[in-house]
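Undergrad: From first to last, the protein sequence lines stand for chains A and B.
Under the working numbering, the first sequence is numbered contiguously, ending at residue 292.
Under the working numbering, the second sequence is numbered contiguously, ending at residue 379.
Please keep in mind that the hints were generated in silico from the structure rather than gathered at the bench.
Please note: incorrect hints may appear among the correct ones.
Keeping only pairs whose Cα atoms sit at most 25 Å apart, straight-line, the calculated SDA-like set for lysine to any residue is [claimed, not checked]:
hint, chain 1, residue 1, chain 2, residue 2
1, B, K330, B, D180
2, A, K155, B, T51
3, B, K176, B, I7
4, B, K50, A, H174
5, A, K161, B, K330
6, B, K82, A, A114
7, A, K46, A, W57
8, B, K176, A, P222
9, B, K50, A, V183
10, B, K82, B, T127
All values reported here derive from a predicted model rather than from experimental measurement.
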Amino acid sequence: MLKLRLPLTLLVGAAVIVGGCRRHAVAPPPQEIQALLVKELPTDPTDSVWRQTRELRIPLLLQDLVEPRLLQPSTSYVAVRALYDGRRFAFRLEWEDATENADPGIATFSDACAVQLPQKVEAVLPAPQMGEKGHPVEITLWKAVWKKGPLLEKGIQAVYPNAAVDHYPFQAASLVPGATAQQEMALRYSPARRLGNDVASVPEKGAQDIMAEGPGTITPLQKNSQAQAVRTAQGWAVVIVRDPPAGFSPDSGTHVAFAIWDGAHQETGSRKMRSAWVPLHIVQN
Amino acid sequence: MAIVYNWQLGRTMSYWYPESRPQRQYAAVFDLNKCIACQSCTLACKTTWTSGKGQEYMLWNNVETKPYGSYPLAWETKLLEMLGPQTWQDGKYLGRTIFEAAPAGERVLGWRPDDYDYAFPNTGEDDCAGHVERGLALDLPHAVWFFYLPRICNHCTYPACLAACPRGSIYKRPEDGIVLLDQGRCRGYRECVKACPYKKVFFNPLTGTSEKCIFCFPKREQGLQPQCFVNCIGKIRLAGYISVPESANPDNPIDYLVHVRKVALPLLPQLGLEPNVYYIPPVHVPVRFLEQLFGPHVQNAIQTYLNAKDDPDLAGLIQLFGCTEKIVPRWKRQNDWILGIEEDGTEIVRVPLREPVFERPLFDERFQVARHNCP
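Whenever a hint applies, use it, and build me the whole structure from the sequences.
TA: Okay, here's the thing in structure tokens:
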């Protein structure tokens with residue numbers, strides 16, 4: 008027995024010494040988002056309040072789980088800061104992107120980002136890849152192309168400034184511009200708009216809310232999220248203001264995930280860089 | 005991936021979804037020997053369906069001159085080059101389809117055109133292959149040739165657009181096999197644009213959704229042929245319903261042309277989509293070129309067509325093209341007359357096997373007047 012106890016004691020002692028040394032080394036950055044409790048949420052990415060928050064650099068992964076996959080990595084990380092006003096979150100996402108892709112076109116793709124949270128607080132987290140059946144997620148989406156305004160109203164010159172079009176049937180001289188009959192006729196020539204497809208319009212507050220229960224299941228939501236973006240020297244900084252999950256308690260925190268699309272890389276839909284779930288906690292100054 | 009049967013290849017193949025054929029498949033036959041590229045079909049479609057904003061460049065129906073014409077640019081040669089040389093043997097395709105050749109991470113082998121590729125909708129128009137050499141004589145096939153290829157969506161049995169859409173926004177109607185893109189569900193990812201080898205799905209940059217030929221389904225539901233068919237002044241098109249080969253019915257005009265007489269062939273069958281628009285190949289074009297477009301049965305189809313002058317059934321049925329706006333589900337020949345018939349036997353249209361010829365004398369004795377074509 009004595010022979011056995013002696014080595015064990017030595018081992019425990021050595022572990023304490025090593026552990027003690029580590030405690031005195033530089034502490035690793037927290038692998039969680041610390042959302043600072045504030046009275047008012049800014050929507051401007053350049054607002055000075057963001058300097059009071061701790062930035063977390065979140066590595067991004069290829070979406071290579073479901074076809075069509077992204078196999079060539081592009082954006083390597085997104086730097087995230089967060090605020091909480093007791094009611095809503097504001098997330099500030101910043102990432103490097105050498106090219107600004109905000110032009111609409113037949114073969115162009117928009118830079119974009121998204122913030123994903125569980126739809127409701129659950130004992131088990133939904134799958135990080137857009138949730139799963141019975142465990143939905145809510146996603147708030149921002150696209151650079153939206154800054155061009157409502158494209159359908161601007162017409163094809165929004166894409167090709169020098170385009171000349173002879174005639175649209177819904178602009179015939181016999182129709183009164185703006186009259187109900189004229190507008191109804193114009194809608195018949197834009198079936199996506201006629202059917203209320205949210206991609207055919209620019210969201211008023213710069214963000215689209217959608218829910219999903221797995222890849223390929225996106226459904227638009229009528230919520231009230233906001234987004235505002237600025238082009239930085241290195242890429243984009245975007246603020247997204249949105250609701251927390253249903254049943255959210257500041258004491259228990261939640262999880263959040265992110266996605267970035269690089270338009271220059273023809274990333275769209277499931278071809279994206281994404282993060283895993285990242286824990287989020289509320290902190291006070 | 006599921007394993008499905010593609011009769012055009014003579015074998016099973018991989019596809020994203022299991023085999024699920026519609027109750028009946030709306031289909032068409034185009035006689036390329038009669039197309040004059042007047043573009044009436046193109047305009048009929050354009051004015052009916054794509055005169056809205058963001059649709060300016062779209063041609064759900066187009067007519068291009070082969071070999072040099074293509075819309076969008078190089079739509080077929082680019083993909084054939086990506087696929088590489090493949091082989092047929094005894095009517096069976098031994099090569100890879102675009103589903104079987106899909107690279108890692110993709111559902112389909114495809115490419116997405118740039119907007120520049122849509123900038124020349126009638127490039128190569130009337131450009132000939134070959135040179136006029138001294139001593140050249142007219143023969144079949146022609147040494148110097150071109151032909152017109154009118155194209156719409158093929159409403160494929162195994163649509164690549166449908167397979168590629170990660171949202172399931174594209175569906176094939178069970179009642180008629182028409183492939184539609186749900187404008188309320190599409191989110192504009194353009195995977196369908198990339199996947200469709202015929203490049204018949206178009207992205208609307210102003211609505212952010214993709215759009216495609218709908219085979220004039222509101223007309224089909226009324227028993228009428230599509231706009232591009234009924235406006236064809238060359239009467240080259242016939243719409244109807246096609247059966248699978250083992251159920252082919254000779255009384256069905258499409259079945260008769262495709263399965264019984266095998267005179268109408270699918271476009272690029274080797275890609276594996278089982279397209280449902282069939283072409284009677286032009287008899288004056290070298291077979292080697294046509295085989296790349298229409299598969300290994302071109303020589304037989306051309307010979308059958310050339311023999312139509314001694315083949316009253318085939319010649320007669322070809323006369324039925326473009327003679328009525330109604331869909332003709334059945335047909336029969338009664339001596340020198342060809343009848344288009346409804347499923348219940350009601351006669352739709354009656355056309356003569358040969359148009360009557362009247363000889364008009366230069367001088368009309370009865371009225372004592374000279375009859376000239378030119379005054």
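Undergrad: All hints are to be evaluated individually against the structure, with a verdict given for each.
TA: Hint check results:
With a C-alpha separation of about 16 Å, the suggested pair K330(B) and D180(B) falls inside the 25 Å cut-off, and the hint holds. A hinted pair counts as satisfied when its Cα atoms are at most 25 Å apart, and K155(A) with T51(B) does not qualify at roughly 29 Å. For a cut-off of 25 Å, the pair hint linking K176(B) to I7(B) stands: about 18 Å separates their Cα positions. Taken as a hint, the K50(B) and H174(A) pair is honoured in the structure, with Cα atoms around 12 Å apart against an allowance of 25 Å.
At roughly 40 Å between alpha-carbon atoms, K161(A) and K330(B) are farther apart than 25 Å, so this suggested pair is violated. Taken as a hint, the K82(B) and A114(A) pair is honoured in the structure, with Cα atoms around 17 Å apart against an allowance of 25 Å. With a C-alpha separation of about 13 Å, the suggested pairing of K46(A) with W57(A) holds against the 25 Å cut-off. Restraint check for K176(B) and P222(A): the C-alpha separation of about 21 Å stays at or below 25 Å, so the hint holds.
For the given pair, K50(B) sits about 24 Å from V183(A) by alpha-carbon distance, which is consistent with the 25 Å threshold. With a C-alpha separation of about 16 Å, the suggested pair K82(B) and T127(B) falls inside the 25 Å cut-off, and the hint holds.
Checked against the numbered hints above, the structure breaks hints 2 and 5 and satisfies the rest.
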